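Make the full structure from the sequences, and use the hints.
Residue numbers (the working numbering), protein chains in the order written: chain A, 1 to 243; chain B, 1 to 243.
Certain hints may be false.
[Stated by the list, open to error] The list that follows gives simulated cross-link-like pairs (lysine-lysine, DSSO-like), each with its CA atoms no further than 27 angstroms apart: (1) K158(B) / K141(A); (2) K138(A) / K171(A); (3) K171(A) / K185(A); (4) K66(A) / K211(A); (5) K66(A) / K141(A); (6) K158(B) / K138(A).
Keep in mind the hints are simulated off the structure, nothing from the lab. Predicted, not measured: the structure shown is a model, and the values here were computed from it.
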Amino acid sequence: MAALIEIERLTKRFGAFTAVDDVSFSVDRGEVVGFLGPNGAGKSTTMKMLAGFVTPSAGTARICGKDVVDDPVAAKRSLGYLPEGAPTYPEMTVTAFLKFVARIRGYRGIEAGERVEDAMDLTQLQGVRLQPIETLSKGFKRRVGLAQALLHDPPVLVLDEPTDGLDPNQKHEVRELIRRMAPDKAILISTHILEEVDAVCTRAIIIAHGKVLADSPPSALAKPGKSLEQVFRDLTARPAEAA
Amino acid sequence: MGGTLAVARRELAGYFATPVAYVFIVIFLMMAGALTFTIGGFFQRGQADLSPFFNFVPWLFLFLVPALTMRLWAEERRLGTIELLLTLPLPQWQAVLGKFLAAWAFCAIALALTFPLVVTVNYLGRPDNGVIAAGYVGCLLVAGAYLAVGAAMSAMTKNQVIAFVLAVAVCFLFAAAGSPVVTEFLSQRVPLLAELARGISLIERFNILQRGVIALRDVVFFASFIGFFLFVNAVVIDHRKAD
Numbered sequence: 001m002a003a004l005i006e007i008e009r010l011t012k013r014f015g016a017f018t019a020v021d022d023v024s025f026s027v028d029r030g031e032v033v034g035f036l037g038p039n040g041a042g043k044s045t046t047m048k049m050l051a052g053f054v055t056p057s058a059g060t061a062r063i064c065g066k067d068v069v070d071d072p073v074a075a076k077r078s079l080g081y082l083p084e085g086a087p088t089y090p091e092m093t094v095t096a097f098l099k100f101v102a103r104i105r106g107y108r109g110i111e112a113g114e115r116v117e118d119a120m121d122l123t124q125l126q127g128v129r130l131q132p133i134e135t136l137s138k139g140f141k142r143r144v145g146l147a148q149a150l151l152h153d154p155p156v157l158v159l160d161e162p163t164d165g166l167d168p169n170q171k172h173e174v175r176e177l178i179r180r181m182a183p184d185k186a187i188l189i190s191t192h193i194l195e196e197v198d199a200v201c202t203r204a205i206i207i208a209h210g211k212v213l214a215d216s217p218p219s220a221l222a223k224p225g226k227s228l229e230q231v232f233r234d235l236t237a238r239p240a241e242a243a
Numbered sequence: 001m002g003g004t005l006a007v008a009r010r011e012l013a014g015y016f017a018t019p020v021a022y023v024f025i026v027i028f029l030m031m032a033g034a035l036t037f038t039i040g041g042f043f044q045r046g047q048a049d050l051s052p053f054f055n056f057v058p059w060l061f062l063f064l065v066p067a068l069t070m071r072l073w074a075e076e077r078r079l080g081t082i083e084l085l086l087t088l089p090l091p092q093w094q095a096v097l098g099k100f101l102a103a104w105a106f107c108a109i110a111l112a113l114t115f116p117l118v119v120t121v122n123y124l125g126r127p128d129n130g131v132i133a134a135g136y137v138g139c140l141l142v143a144g145a146y147l148a149v150g151a152a153m154s155a156m157t158k159n160q161v162i163a164f165v166l167a168v169a170v171c172f173l174f175a176a177a178g179s180p181v182v183t184e185f186l187s188q189r190v191p192l193l194a195e196l197a198r199g200i201s202l203i204e205r206f207n208i209l210q211r212g213v214i215a216l217r218d219v220v221f222f223a224s225f226i227g228f229f230l231f232v233n234a235v236v237i238d239h240r241k242a243d
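Structure representation (structure tokens):
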């Protein structure tokens, strides 16, 4: 069976600037892939292309075998996506917002209600269910974004910095959640936090200047007596000095 | 179609979640009432019809409708929620249509609240209610045309003020195209353009409807006008979604 996320020679150019340069990788069921790289490396752009928000300049991306450009609606059905910064509609209450997402995802009536309840349970949002999202703290807003991505129990999860802005306890909870879901999903998360890669990821992909520099399990990356942090710095700092 | 309705429902609820809806309705009703009874000379004319009211509606809408549409896409861009909306499994045209329908339904509510005028004129005399109904249909069609223009302008920018000004300018162009000032000026110099200007004028078409004539070609004109600008809206969103 083909991998749930397949990216082949994906490229995005903005004018003369190449944000993502010939990136290829795949993510299988049961894998949690950590997408690492300095700011501006092309992590978010790759994820946006995978989610069908940015149109690739070249190459293909498939989710569950569905091309994100040729068959966008089918690809998006199998995908739970947390955009960078977890944008939500500030004036809506948590329940109203999640109901809206459930309705667009095709759930009706009682089933929509159950989906919303399940998603709120998973992300511990029950306490703020009737609060407008704009009155919530950063951590809660992030969890609302996460709830929205998990609502339809998708086979593929793409999470752009899921733990950004969370306190240590909340970070721990989100990591636990990811670990619990991992066996039957393909999960791609981007992060700046290297310990997170050690904690939850089965594989790490390091990207800088739009190119994939490393793609292996975190333990293999850190092997030759160096910490993951040292490896990251060695890999990503070098091209910048050369330029 | 479920997605279109979900988007429309959310948008419509969004109007009422902020003071926008109430300010719009109160100002519209006050201005419409004031203009009808003062400049319109509702009583002095001694005729049982609503043309003093209908004459002002397109000009009131010219400024009020762009205030409704300016946030439709510009706000989504500013908040980043456009990324959320367009990565849900929803064809883009459904998002465009849903937003338009919500704003149109809102205009219909505002128009429906002018019912005391209909009651008054029926109490005072024996108006031709068929003509009044045709006038309301005309108002709704003009509102739809302005909304389609406004939504397309809102898709082009993340600044609501720019969206508003652009929408007023373009709507004014189509409203005023058939006015005597324009057509006389043009017919003295380029008679062909004068015909064209009268042909694309929204007010000219509205006046036909307001007299009680619902002709197929006028309805087709409004439908194609709305369809064209919704198409422009969809194209702009598709090309500039990630900007």
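Here is what the structure says about each hint:
The hinted pair formed by K158(B) and K141(A) meets the criterion: a straight-line CA distance of about 22 angstroms does not exceed 27 angstroms. The straight-line distance between the Cα atoms of K138(A) and K171(A) is roughly 13 angstroms, inside the 27 angstroms bound, and the hint therefore holds. For the hint pairing K171(A) with K185(A), the CA-to-CA distance comes to about 20 angstroms; that is within 27 angstroms, so the pair holds. Pair hint K66(A) plus K211(A) holds up; C-alpha atoms about 24 angstroms apart against a cutoff of 27 angstroms.
This hinted pair does not check out: K66(A) and K141(A) have alpha carbons roughly 30 angstroms apart, beyond 27 angstroms. Distance check on the hinted pair: K158(B) and K138(A) sit about 23 angstroms apart at the alpha-carbon level, within 27 angstroms; holds.
When each numbered hint is compared with the structure, a violation occurs for hint 5 only.
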